[in-house]
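S.K.: Spelled out, the chains give:
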Amino acid sequence: MSEFAYQFLLTLDATLRLATPLVLCAMAGIFSERSGIIDISLEGKMLMGAFVAAAVASTSGSPWLGVFAAMFASMLMAMVHGFACITHKGNQVVSGLAINILASGLTVTIGIALFRQGGQTPPLSGSERFRPIEWPLVDVLDSIPVLGTVYRELISGHNMLVYVALLLVPLSAFLLYKTRFGLRLRAVGEVPRAVDSAGISVSFLRYRAVILAGLLCGIAGAYLSIGQGAGFVKEMSAGKGYIALAAVIFGKWRPVPALFACLLFGFLEAVSARLQGVDLPLIGEAPTQLMLALPYIMVVLLLAGFIGKASPPAAIGQPYSK
Amino acid sequence: MTPTSDLPRWADVFLLPLLNLLAALAVCGVIIFFLGENPFNALWVMIKGAFFYSGSLGYTLYYTTNFIFTGLAVAIAFHAMMFNIGGEGQAYIGGLGAGLVALWLGASLPMILVIPLAVFAAALFGAAWGLIPGLLQAYRGSHIVITTIMFNFIAGSIMVWLLVGPLIEQGQQSPQTPKFGDGALVPKLHETAGGLFSFLGNSPLNLSFVLALFCLVGFWILIWRTKLGYEIRTVGQNPEAARYAGINVPKIIVIAMALSGALAGLLAINELLGVQHRVVLNFTSGYGFTGIAVALMGRNHPVGIFLASFLFGAIYQGGAELDFEFQTITRDMALLMQGMIILFSGALAYMFNPWVSRILRRWIKQGEAARV
Amino acid sequence: MTDDKNTDGRTSAHSFALNLAGVSKSFGAVRANHDINLDVLAGSIHGIVGENGAGKSTLMNIIFGLHAPDKGSMHVFGERASIKSSADAISLGLGMVHQHFMLVPNMSVLDNVMLGSEGGYLLSEGREQTLKTLDNLSSAFGMGVDPTAIIEDLPVGIRQRVEIIKAIKGGARVLILDEPTGVLTPGEAQQLFDILRSLRDDGVTILLITHKLDEIMSITDHVSIMRDGEMVAHRETRKTTPQELARLMVGRDVLLSVDKGPANPSDIKLKVSSLGCTSSAGSSLLKNVSFDLRAGEILGVAGVAGNGQTELLEILSGMRKVTTGKFEVLQRVIDKERSLTPEHMRAIGVAHIPEDRHEHGLVLSFEAQENAMLGYHRDPRFGRGSLLDDKEIRDHCVELMTKHDVRPPNPDLHARNFSGGNQQKIVIGREVDQKPEVLLIGQPTRGVDVGAIEFIHRQLIQLRDEGCAILLVSVELEEILSLSDRIMVMNEGEIVGIVDQKTASQEQVGMMMAGVGAEVAA
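Taken in order, these protein sequences are the chains called A, B and C.
Note that numbering that gives the first Met the number 0 has the first sequence beginning at 0, numbered continuously upward.
Note that numbering that gives the first Met the number 0 has the second sequence beginning at 0, numbered continuously upward.
Note that numbering that gives the first Met the number 0 has the third sequence beginning at 0, numbered continuously upward.
Chain A on its own, in the form it takes in the complex (with noise of 0.2 Å):
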């Protein structure tokens, strides 16, 4: 294999591992606003199941615990965001910027009064993180030429969390597209009245959505400080959630396509790091502080209709009253 080969390889090593938590957070997002909630506080949520998480599992020593503790603190920060959306009808932009700034200020204040370490979480040790795990016959198969490398370096080796978010991608779209639950979420994002004079609760529908989000911004943040990472750092979502909302919008709050947005947007970042202090030719040195606007760029052009049309669901933002 070619050495520019074996470096683009490695690129899409680092895509997958990049694009992890934004993956898990668009699925969050997706079902959201599908159900017609707008939902900026995907940051916040991840970011506060980074910190429960960390902080769990260095206590206990277990990174499953630390995970699930993770779930559940992001979950009870979305059904804020769901009380103040659906039962009080509150400004849901409002609502989802509260939510992060407050998360921006209880991980740190709580870090500092459990580690007194400045608002990290003590670093963690092997156990108490996910370990790459090694898929069977990494090693008799690497002899194998070409496909024997992309075995070992991109799809062995990742953690355990890595697979679970690519895992809830079609487990998502079969959620959506499949079940009962799925078409009346669906349903209750265009037309709620519709959902409503069938006999079903609106509000019930619509809190479940925004619950199901909570739980896999937890799982989201929970890979930031103890998959990717190893332990809690000040802010470390570091606008993965919004780079997840532009990914859930250019993908037409789809899963499938918004996995690809995500693998796209992290394909960028990877992209950016390798490039990093690189020459390149014409250019000079590569931009890469640009390129990482890239995202954000994309969503904005497909907003404003120059690559095609991005519906998002009819009744998104409002209120339902009867």
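No false leads were slipped in.
Computed footprint of chain A on chain C, listed as stretches where at least three residues anywhere in the stretch have a Cβ under 8 Å from a Cβ of chain A:
| no. | segment |
| --- | --- |
| 1 | 82-93 |
| 2 | 97-107 |
| 3 | 112-125 |
Restricting the straight-line Cα-Cα distance to at most 25 Å, the calculated cross-link-like pairs of lysine-lysine (DSS-like) are:
| no. | chain 1 | residue 1 | chain 2 | residue 2 |
| --- | --- | --- | --- | --- |
| 4 | C | 501 | C | 259 |
| 5 | C | 434 | C | 402 |
| 6 | C | 325 | C | 286 |
| 7 | C | 270 | C | 501 |
| 8 | C | 168 | A | 177 |
| 9 | C | 320 | C | 286 |
| 10 | B | 226 | C | 434 |
| 11 | C | 83 | C | 168 |
| 12 | C | 335 | C | 320 |
| 13 | C | 270 | C | 335 |
| 14 | C | 335 | B | 250 |
| 15 | B | 250 | A | 308 |
| 16 | A | 251 | A | 177 |
| 17 | A | 251 | A | 308 |
| 18 | C | 270 | C | 434 |
| 19 | C | 390 | B | 226 |
| 20 | C | 320 | B | 250 |
| 21 | B | 47 | B | 187 |
| 22 | C | 211 | C | 238 |
| 23 | C | 131 | A | 177 |
| 24 | C | 390 | C | 434 |
Just so you know, these hints were derived from the structure itself, not from any lab.
Using N, Cα and C, we set each Cβ at its ideal position, and we do this for glycine too.
Go by the hints and put chains B and C onto chain A.
M.R.: Here is chains B and C on its own, set in the frame of chain A:
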């Protein structure tokens, strides 16, 4: 849609926001208690830190200045019923404009020329950054909330690239521009007027505060005293009636967003020309988002915006004091308070409405019965 | 009233699907339904006919559980019924096809029909069952639909069919249809009627709400006429005529007659030639409209709402663009290429009192004085340059309020706090005080109390006598007949005819409103 109140005006404008504020502070107090500190003590420390120490009031007002600009920005867009979340990005790009003027002219021209030019540039650049989402919403139907969020990040990327690349101070590592020439430094308030304001102590409070006050007045005049303001309000309150009246609705939306961006851009005059004296990374650090809370609490009116800005300024400054005095509490407590206030005043704004309504009605009935 | 159904002895032996006795419902001061008695024979098609605002929709909402009646009782298939929600109504065997469809546009027919009765956690379980149901309905009643088709791709007639399927899939025995043909082409309406007849033959009872007389005559077995919230008559369809129905529908106790001298029409101020307008969806809203309007006359536009009058007003006032044809107003020509904004229209002397004062005419959250200059705010009188002159704005409002008897005469009061009549007086005062040469008015006395109605009518006559050219659109036939000098009747976007007020009769105009031509109706 969003619930509206049937309370008498005074209850709607004062009582409910006050209740929301108290509720937010109460929840924070509970959190502080669980951190092992006395919440009332913490509150007292914050108050001392915001007002009573030397320089405290100055610091508080310096923060207030930022919030006035971003609060007015959100408010003017709100009057056209546009939800402008892009204050961060618009302020950032406004900083680019001000910074370019300051770098280019600051060493060679006197203050009396440079600063007005910088103000103009900051407003212009900020307006451009608000104008584009405005155009997209008015003529292409692109949802302004999402486009302004995206533009925040695009602005961030552009500024990082500029500060790490073309604009960086030669020979230095940190992503920031060279220091501005003297002509571009806005005088601190405690140094002006022959020490008239020296009682404020040493603080970053500078003449931008005066600019902010002018903007408050200008905002009031524009919205309620001009024909353009009338048209903006009509578009915001009833776009169909605006159409009937012959008002060009898309054009007004674009103008409102441009003005909004311009106001946000002026934040750069305070931060960059007044305090940092160079363009630094992320100088907008959340002021844009707080502006949303300020506009909501201040009900899009200059008096309310001033009061809300002052409140948040006090929380910011008081938060620094908390950090100083308590081991377990940092400045992030101010963030927490901010988030709580936004939650209660913004999303849960009418949560207390049913109770207040009931109590008021009973009072009124009792009062009437007593009079009979 | 109630004995009309027993015109022959046979009917009393049949059972009733629905009995309403003494049903009343008010919304605040508005009496939507008053003491309604209704008996619907099982297995029949029963029409409910009446003008807009007669209270038909309210009554149907009460039957279907969307509103609770203030008084009265209901029996369904002989059993006393207390219907508090649509779920209750559905469980009693009632089904409703609403005017505004409750379908999810981007999902398939199958998905829409399954919603609410999916039959299990996985859609695959219920799919089979639903497909079978669709098949049955198709063969039994001629209601064929492609289950995989997406709703938004389907023509309106088929979408309505899906709504009907949704209503009866659960085995509903009483089907209520609220103005079903409003959105259908004549061909689609015929298909609908075939389905309805089929359902009736199977024993389903059908309640058909409509204001179209020809539909009543062609498909119903019985018809009940509502007017001003009351049930005024019941008839067996084959024993009545469109004329009788028209008379029952639009006649009203004469409120007041306006003192009106003869008109002296002079120059033509507005000349409309072959004006046409199509909606963005492609349906034709106005077809080949041509008429003249002279100074010093009132041309009344009669017709049931939704027949193109709204579009006509919007085009003439500059709010909407012309698709075909043209009109000439005060020496300006407006057509597809040349247009004037509403602001320009006002400037040349065309004033517009809109049909919906809440939607267009006022900003309810603004103060009265701010509303008093809506549309004229750029006039130098209200402020030179860009600034507004507060004093002048206030004075202008006070003057307007005095002159037009607006109560309370408080310019600082927000518009939403005025009664309907006073709100209307503000709008009328604002437009009329500009001394326009052409005045376009829609529904001037909708939601206005009797005292204000008289005031407004007198004002309009006075304006006419001062030489204004007035185009008056109203669904209140009484108002048209008493105020107009000439009457232009519109139906389905076209002019049915223009008649002289002195020679026209209520029956004639009523029939023209139902689409019958002027000569035939006379």
